[in-house]
Each structure stands twice: as structure tokens, then as C-alpha cells.
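Novice: Take these sequences, add in the hints, and give me the full structure.
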Amino acid sequence: MREAFFMGTITATITHELQNVLAIINECRGLMGDVLAMNPGVKLKRMDLVTKSLNMITEQIERGKHLSGKLNRFAHTAEDFATGADLNRIVSEIVYLAERIARLRKCEFVPGLAQEPVTVAGNGVTLLMAVFEAMRTCLDAVPEGLIHMQVARDNARGSVHFFLPEGSSVDKKSLSAAFWSLAGELTVNVEFDEAGKGFDLYFPLAGK
Amino acid sequence: MDKKEWNVLLVDDEEEFVQTLAERLELRGIKTTVANDGETALKLVAANRPHVIVLDVMMPGLKGVDVLRRVKDIDPTIPVILLTGKGATRDGIDGMHYGAFDYMMKPINIDALTEKMAEAVAAAAGDSQANS
Chain A
1 MREAFFMGTI
11 TATITHELQN
21 VLAIINECRG
31 LMGDVLAMNP
41 GVKLKRMDLV
51 TKSLNMITEQ
61 IERGKHLSGK
71 LNRFAHTAED
81 FATGADLNRI
91 VSEIVYLAER
101 IARLRKCEFV
111 PGLAQEPVTV
121 AGNGVTLLMA
131 VFEAMRTCLD
141 AVPEGLIHMQ
151 VARDNARGSV
161 HFFLPEGSSV
171 DKKSLSAAFW
181 SLAGELTVNV
191 EFDEAGKGFD
201 LYFPLAGK
Chain B
209 MDKKEWNVLL
219 VDDEEEFVQT
229 LAERLELRGI
239 KTTVANDGET
249 ALKLVAANRP
259 HVIVLDVMMP
269 GLKGVDVLRR
279 VKDIDPTIPV
289 ILLTGKGATR
299 DGIDGMHYGA
309 FDYMMKPINI
319 DALTEKMAEA
329 VAAAAGDSQA
339 NS
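Residue numbers (this note's numbering), protein chains in the order written: chain A, 1 to 208; chain B, 209 to 340.
Hints may contain errors.
[To be verified] Cross-link-like lysine-lysine pairs, in silico, DSBU-like; alpha carbons within 30 Å at most:
#: 1; chain 1: A; residue 1: K70; chain 2: A; residue 2: K43
#: 2; chain 1: A; residue 1: K65; chain 2: B; residue 2: K324
#: 3; chain 1: A; residue 1: K65; chain 2: B; residue 2: K271
#: 4; chain 1: B; residue 1: K211; chain 2: B; residue 2: K271
#: 5; chain 1: A; residue 1: K172; chain 2: A; residue 2: K106
#: 6; chain 1: A; residue 1: K70; chain 2: B; residue 2: K271
#: 7; chain 1: A; residue 1: K70; chain 2: B; residue 2: K324
#: 8; chain 1: A; residue 1: K65; chain 2: B; residue 2: K239
[Stated by the list, open to error] Distance windows between CB atoms, simulated:
#: 9; chain 1: B; residue 1: A320; chain 2: A; residue 2: L36; range: 15 to 23 Å
#: 10; chain 1: A; residue 1: N55; chain 2: B; residue 2: K239; range: 29 to 37 Å
#: 11; chain 1: B; residue 1: E323; chain 2: A; residue 2: Q115; range: 23 to 31 Å
#: 12; chain 1: B; residue 1: R298; chain 2: A; residue 2: E191; range: 33 to 41 Å
#: 13; chain 1: B; residue 1: E231; chain 2: A; residue 2: R2; range: 41 to 49 Å
#: 14; chain 1: B; residue 1: I282; chain 2: A; residue 2: R46; range: 29 to 37 Å
#: 15; chain 1: A; residue 1: K197; chain 2: B; residue 2: A326; range: 52 to 60 Å
[Said to hold, decoys possible] Over 12 Å on every C-beta distance to chain A, these chain B residues come out as not near it, computed from the model:
#: 16; residue: A230
#: 17; residue: R278
#: 18; residue: D281
#: 19; residue: G307
No lab work stands behind these hints, which were simulated from the structure alone.
The beta carbon of each residue, even a glycine, is placed where N, CA and C say it ideally should be.
Specialist: And the structure:
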């Protein structure tokens, strides 16, 4: 956990620096736009390329803002999850952070949250890793489409159910293997549904 | 008050950012003064009493929230708009507890900043009329 805090602190500092870089580019882009707007009578050759480039800079600033925001949020993960591990928050966070990984595989994770917090036992960062490993196994099994996730709880356990699209099924051995590296750090049970269209990750509730 | 009568103090240690922002505001007829650290900003506040301050929260030396608190000691009616980075919204929220008018995230939209400054100046003018 100390390592996660250290990495997070350094990464957060760098993302602030990146935001400042984006802010400077944003103002310079704005200043160029202001000057052009002040001189509407001035005809530049290939003004269309200038306009196109300014628009592209604006789009890339927005993209940079989005990415640096994600990186910053990831950097704060260790501290944010140090005091508790609500499965609703864990699922929301990891779906947000892994959005691009899923998109590159033509998939999208659709999170469904429980109405109440589902606080489970274990270190939040390790729980994030566990849910992420399950998501990665889904991506290996699903050629494309929506993968729904649903957080729930019963008397003693919190769970995340993964629903795979029609025609896809997860390889049980791969999924079990994905959790080997977390053995000893986390208690997690995997249960597959009979039709093979999904599976549940079960975690003991905190304090039970 | 017309924006051309405003005297705005911009405080940020990122010189390129704050200078360019000042140039853009001046193109809109808004008079600005720039400080690159908290100590300089406080001297300018004591000397000039700006109508509004735009203050970065993450600066070396005196942090933005410390500058804000000391500005409020000098003159509690001067509105302060904080600039934060994404992920540093807690600093903005802390600043609200110490009397910041509002906070905005970098990179900023200049029209949104100008509107926010107008709200801040109008609110401060209303407060000072109410107090007189």
C-alpha cells in the first residue's frame, strides 16, 4: 500500500503540471483566435487551414483535459480507497478508468450499482485489481459488444455479476488464473452461471 | 460597474499562462495586474485593492488558500476566484470555506471566467452597498 501511495503522489503532481501545460496552450490558442477575430478584414491565404488547426488544438486540449483528469483520478485511487471498499465505487471507478481498454476491444462495460453501499472486506486497491482482472478476462472472451456488470449484496457477501453478450462465454480456467496473483491478499470466490453467460465475483462483507 | 472599470489581479506562478490570460483580458478591455507569487500578490492587494482576484491554488511558497485567507484579513470584501486543477477540487472547496467567491478548473474558458468575474464584482458591490 505504501508503494501505491508513493506512485499516486508522484503521478498526481505530474498531472497538475500537465494541466498547467494544457492551460498555457489553451490561452495561446485563445489569444490567436482573439487576434484573428479582431481583424475580420484581413485575408490570409489558406485561412481555412488556420481555422482548422485552431479547432484541432481546441479538440486536443479537451482530449488532454479528459486524459489528465483520468490520470489524476487514478493517482488518487490509493488514498481514496484506503479507508473503505464500497463495491459501487470500485466498479464505477474501474469502469471509468478502463474505458479505453474496452473501447480498443470494441466493448463497453455498463455498470449497474446497488442502491446502498456494499462495503466488502479487503484493501480497496486490491479489490480494484480483482474486478479489473475479471474485466480483462471478459474482454478476452467477448469479440465485441456490451458487458453489463451489476453490484449486489446478500447477508454475508457483496458481489459483482458480469453478464456477457449472447454467444460469448468466459474460460473458467483463465478467470481462476487471473486471481492467482491476488491470492493471499484478498478473499474472492467466483461462481459461474449454468448457461455460461456470466459469472459472479463474491467478496465477504466488511466486519462479517 | 462596466468591465472596463475593473482592476483585476491575476495570481499564478505559471508566468506564460498568467501573462497570456492577462493579454486576452486586456483585449476585452479589462485592466489586469499580474503577480507570480503570493507575497507579491498580497503587497499589490494592500496597495491597490483590486475589484476581483483570480488566484491559483497550487503555488510554491504561500499556497493559494493561505493567500486567500490573508487577502480576507486585508479586505474581506474583495472577491477571490480560485483556479484549481482537475483532481484538486478539494482545494477549491476548502477555499470556499475561507470565503472564496467560487472556483474554476484549469484550463479555463475565458468567457466563463469573464462572466464569473462580473458576478463577483456585482456581488461585492452589492455587499458594500448593504454594509454602507
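Novice: Far enough from chain A: is every CB of that chain over 12 Å from the CB of B:G307?
Specialist: holds, 24 Å
Novice: Just double-check B:R278 for me: nearest Cβ-Cβ distance to chain A has to come out over 12 Å.
Specialist: Non-interface label on B:R278 holds, nearest chain A Cβ at 23 Å vs cutoff 12 Å.
Novice: Given the hint that B:K211 pairs with B:K271, does the C-alpha gap stay at or below 30 Å?
Specialist: holds, 28 Å
Novice: Quickly compare the C-alpha distance for A:K70 and B:K271 to 30 Å and report which way the hint goes.
Specialist: Judged against 30 Å, a Cα distance of about 24 Å means the pair holds.
Novice: Need the status of pair A:K70, A:K43: alpha-carbon distance at most 30 Å?
Specialist: violated, 41 Å
Novice: Does 41 to 49 Å hold as the CB distance between B:E231 and A:R2, or does it fail?
Specialist: holds, 45 Å
Novice: Using the beta carbons of B:E323 and A:Q115, state whether their distance is inside 23 to 31 Å or not.
Specialist: Between B:E323 and A:Q115, where Cβ atoms are some 38 Å apart, the hint is violated.
Novice: Starting from the hint 29 to 37 Å, judge whether the C-beta atoms of A:N55 and B:K239 obey it.
Specialist: holds, 31 Å
Novice: Would you mind confirming whether the straight-line C-alpha gap from A:K65 to B:K324 stays at or under 30 Å?
Specialist: Status holds; Cα separation ~21 Å.
Novice: Would B:D281 pass as off the interface with chain A, using Cβ distances and a cut of 12 Å?
Specialist: holds, 27 Å
Novice: Mind checking the alpha carbons of A:K65 and B:K271 for me, to see if they're no more than 30 Å apart?
Specialist: Within the cut-off at roughly 23 Å; holds.
Novice: CB of B:R298 to CB of A:E191, is that within 33 to 41 Å?
Specialist: The hinted range 33 to 41 Å holds for B:R298 and A:E191, with Cβ atoms some 39 Å apart.
The structure fails hints 1, 11, 14, 16 (numbered hints given earlier, in ascending order).
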